[in-house]
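First to last, the protein sequences are chains L and Y. Per the working numbering, residue 3 is the first one in the first sequence, and the count goes up by one each step. Per the working numbering, residue 63 is the first one in the second sequence, and the count goes up by one each step.
In short, the hints are calculated from the structure, not lab data. Treat the hints with care, as some may be off.
Pairwise CB distance ranges (calculated) [claimed, not checked]:
#1 Y/190 x L/194: 38 to 46 Å
#2 L/29 x Y/67: 33 to 41 Å
#3 Y/221 x L/189: 51 to 59 Å
#4 L/58 x Y/233: 23 to 31 Å
#5 Y/252 x L/73: 28 to 36 Å
#6 Y/234 x L/75: 54 to 62 Å
As a list, the in silico SDA-like pairs of lysine to any residue whose alpha-carbon atoms are at most 25 Å apart [what the hints assert, rightly or not]:
#7 Y/89 x L/16
#8 Y/89 x L/66
#9 Y/129 x Y/261
Where is the CB? At the ideal position from N, CA and C, for every residue including glycine.
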Amino acid sequence: MDWGSEFFQRDRTIHPPALTPEYKTSVLRSPRQPLLSLQNSLSEVTGPVFGHNELGSLDNDLILNYAKDGEPIGERIIVHGRVKDGTGRPVPDTLIEFWQANAGGRYRHKNDRYIAPIDPNFGGCGRTISNENGEYWFRTIKPGPYPFRNFVNSWRPAHIHFSVFGTGFAQRLITQMYFEGDPLLAKDVMFTMIPDDAAARRLIASIDFDATVPLDTLAYRFDIVLRGRRSTRFENKLQGN
Amino acid sequence: MVQSLDYLGETPSQTAGPYVHIGLIPKQAGFDIFERDFGNVLIGPKTGGTRIKIEGHVFDGAAAPLKDALIEIWQANAAGRYNHPADRQEKVLDTEFRGWGRAGSDFETGLYSFETVKPGSVIGRRGHRPMAPHINFWIVARGINIGLNTRMYFSDEAAANGADPVLNLVEPDVRRQTLIAQRQQRGTEVVYRFDIYLQGDRETVFFDV
């Protein structure tokens, strides 16, 4: 693998545009000038490298990593999948971070004022690093839906936030994972602002019955695709060296 | 019918939301969970180079500072080499410097800051001149649907900036100023002020990388 080759141009038609008036906060926070297209240099194809030894042993177990006097309330689930790039190759050794509300839809955050209670045994964040095959997994509690101030009656479907690095800083991505069969998805501005239906569906994790732990924990599968990179066979090399 | 291409579509971006701190900088959200946190100090006692501080605000279209933004930076070391296997420049690799950090803007003031070293110049694309010292920025927040990429250059590198192959792409050229952080001496501390404007007359140049 040549970690120095350029990424394919990002297909912005599958991402939400910057300005989405139905999501009101985007109106004052979206650039109005066109983005300046930049061919990749070393600054874009490189990115931070994280070691497996930098994480704690419970970092990928949200059921236990903030447990104080018992385990958190809610549906026990495993979330697992593979990080790949646009050519289908696995992305190994990449940092994946995730955060979420508790089973009642409340975040452990200074600024969250929702009436649902904090769970004393649930922090709501974790992280892991993909293995040599790009695979990752973690254990958590299924988050609950919650209201947010957009329209008077706006609700977020249950979701888990994901942050992924890849091998170059131009692959950096933050997204949200949703759950198969959630009736709130069809009304959710975050989900419906994605202009491409097939792309939007890639954010819905499937229940993965074969990965469940019988009598213990349900499982969902969520694969993540980062931008692909060129093969260098017939191309100009990126660098002079 | 022709054969179908088997490329995979990228996972679409979604906003980091108002509670991004929980996942990425939980101490700012108000709790302590990990043995080791990632933060805004990129340097250790043995890191080589000139120590600098970077600080600024991210302003919205109403000129109000964002108080819930998350900013990440990625940069070369003082010699101009990235700590990454794809960087094969013949320059010293500083094992005490990853070159990456993240900061949340302050909930009260909106100020963000980093402690790092000033990067060296990095080779440009083949056939192009070297790039002036710069730091790559990535900004996410509630209301930002896909992370914004930009670069910070240094006000005391006028000659290198003038020859930089990326800055020279920016038209009209007055907009290049939006990418240049202003150097201030504060006692013994060197501070670069880098304000980011999401909209308006001073809108920062953002890149599609």
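Here is how each hint holds up against the structure:
no. : hint                      : in the structure
1   : Y/190 x L/194: 38 to 46 Å : 42 Å, holds
2   : L/29 x Y/67: 33 to 41 Å   : 37 Å, holds
3   : Y/221 x L/189: 51 to 59 Å : 56 Å, holds
4   : L/58 x Y/233: 23 to 31 Å  : 48 Å, violated
5   : Y/252 x L/73: 28 to 36 Å  : 49 Å, violated
6   : Y/234 x L/75: 54 to 62 Å  : 57 Å, holds
7   : Y/89 x L/16               : 34 Å, violated
8   : Y/89 x L/66               : 18 Å, holds
9   : Y/129 x Y/261             : 16 Å, holds
Of the numbered hints given earlier, the model fails hints 4, 5, 7; all others are met.
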